[in-house]
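Undergrad: I would like the entire structure built from these sequences, with the hints used as guidance.
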Amino acid sequence: MRDADLVVMGFVRGAFGVRGWVKVQADTENTDSLFDYPQWWLKQKNGEWKAFTFEDGAIQPKALVVKFEEVDDRDVAEAMRGMQVAIPRELLPKPPADEYYWIDLIGLEVVNRENIVLGKVTDLMETGANDVLVVRGETDERLIPFVSDYIVDVDLAAKRITVDWGLDY
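What the sequence shown shows, in UniProt numbering, is residues 1 to 169, in sequence order.
A portion of the hints provided could be inaccurate.
DSS-like cross-link-like pairs, simulated, lysine-lysine; straight-line CA separation at most 25 angstroms [to be verified]: (1) K23 x K45; (2) K45 x K94; (3) K43 x K23; (4) K94 x K43; (5) K23 x K50; (6) K120 x K159; (7) K120 x K62; (8) K120 x K94; (9) K62 x K43.
Quick list of the computed label-pair ranges, beta carbon to beta carbon [as the list claims (entries may be wrong)]: (10) A79 x R136: 30 to 36 angstroms; (11) R89 x G166: 32 to 38 angstroms; (12) N130 x D72: 38 to 44 angstroms; (13) T53 x G82: 18 to 24 angstroms; (14) Y101 x Q39: 17 to 23 angstroms; (15) I116 x Q39: 42 to 48 angstroms; (16) D168 x R81: 41 to 47 angstroms.
I should point out that these hints are in silico values taken from the structure, not numbers from a laboratory.
It should be emphasised that the depicted structure is a prediction, and the values quoted were computed from it without experimental measurement.
Idealized CB from N, CA, C, for every residue including glycine.
TA: This is the structure we're talking about:
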């Protein structure tokens, strides 16, 4: 499996208990939505992706706890700490119009209405009220709310986001 075929949905925080369960930090809108996928891909220390079969899971206050069929002891589970968790892109539902997977926005160039390049999206943050683009330029970083007041156009094909945002904001 290649990086381009997968969408990272979180990472393994460490072992949970002694029977091979792991804690997973899910970076998804609905924390338990990962439970809908029978196979998860974890990025190994060598950079290769390996499939794991979801056996059972539960929601904890700060993370998911997950049991994979292939993992039966704490040492193996603890060795998974830090591994990214991904799902094949082809299995994800297509987002509705004017909605995007965050992973598709990261790396896009951001320009304002005057066609001045502000930088590239390096991250997104969830604030409760709305999502925020983290845009890193050559010398600065901007936080731009991802709301219709400021987002003029998202063109995934052109890898560009146009914003109503001045240089002095």
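Undergrad: Could you run down the list of hints and mark each one as holding or not?
TA: Okay, the hints, checked on the actual structure:
1. A threshold of 25 angstroms between alpha carbons decides the hint, and for K23 with K45 the separation of about 18 angstroms falls inside it, so the pair holds.
2. A hinted pair counts as satisfied when its Cα atoms are at most 25 angstroms apart, and K45 with K94 does not qualify at roughly 30 angstroms.
3. Restraint check for K43 and K23: the C-alpha separation of about 15 angstroms stays at or below 25 angstroms, so the hint holds.
4. Proposed proximity of K94 and K43 is supported: the alpha carbons are some 24 angstroms apart, at most 25 angstroms.
5. Note on K23 and K50: the hinted pairing holds, with a Cα-Cα distance of about 18 angstroms set against a maximum of 25 angstroms.
6. Proximity of K120 to K159 is assessed by CA-CA distance (about 10 angstroms); at most 25 angstroms being required, the pair is judged to hold.
7. In summary, the hint linking K120 to K62 is not supported, as the alpha carbons are separated by about 30 angstroms, beyond the 25 angstroms threshold.
8. This hinted pair checks out: K120 and K94 have alpha carbons roughly 24 angstroms apart, not beyond 25 angstroms.
9. For the suggested pair K62 and K43, the alpha carbons sit about 22 angstroms apart, so the restraint of at most 25 angstroms is met.
10. At about 33 angstroms, the beta-carbon gap between A79 and R136 stays in the expected band of 30 to 36 angstroms.
11. Checked against the hint of 32 to 38 angstroms, the C-beta distance between R89 and G166 comes to roughly 35 angstroms, which is consistent with it.
12. Look at N130 against D72: about 43 angstroms separates their beta carbons, and that is inside 38 to 44 angstroms.
13. Between T53 and G82, the C-beta spacing of about 21 angstroms keeps the proposed range 18 to 24 angstroms intact.
14. Y101 and Q39 have their C-beta atoms about 19 angstroms apart, which keeps the hinted 17 to 23 angstroms range intact.
15. Checked against the hint of 42 to 48 angstroms, the pair I116 and Q39 passes, with Cβ atoms roughly 44 angstroms apart.
16. The given range of 41 to 47 angstroms is respected by D168 and R81, whose C-beta atoms sit roughly 43 angstroms from each other.
When held up to the earlier numbered hints, the structure conflicts with 2 and 7 and fits the remainder.
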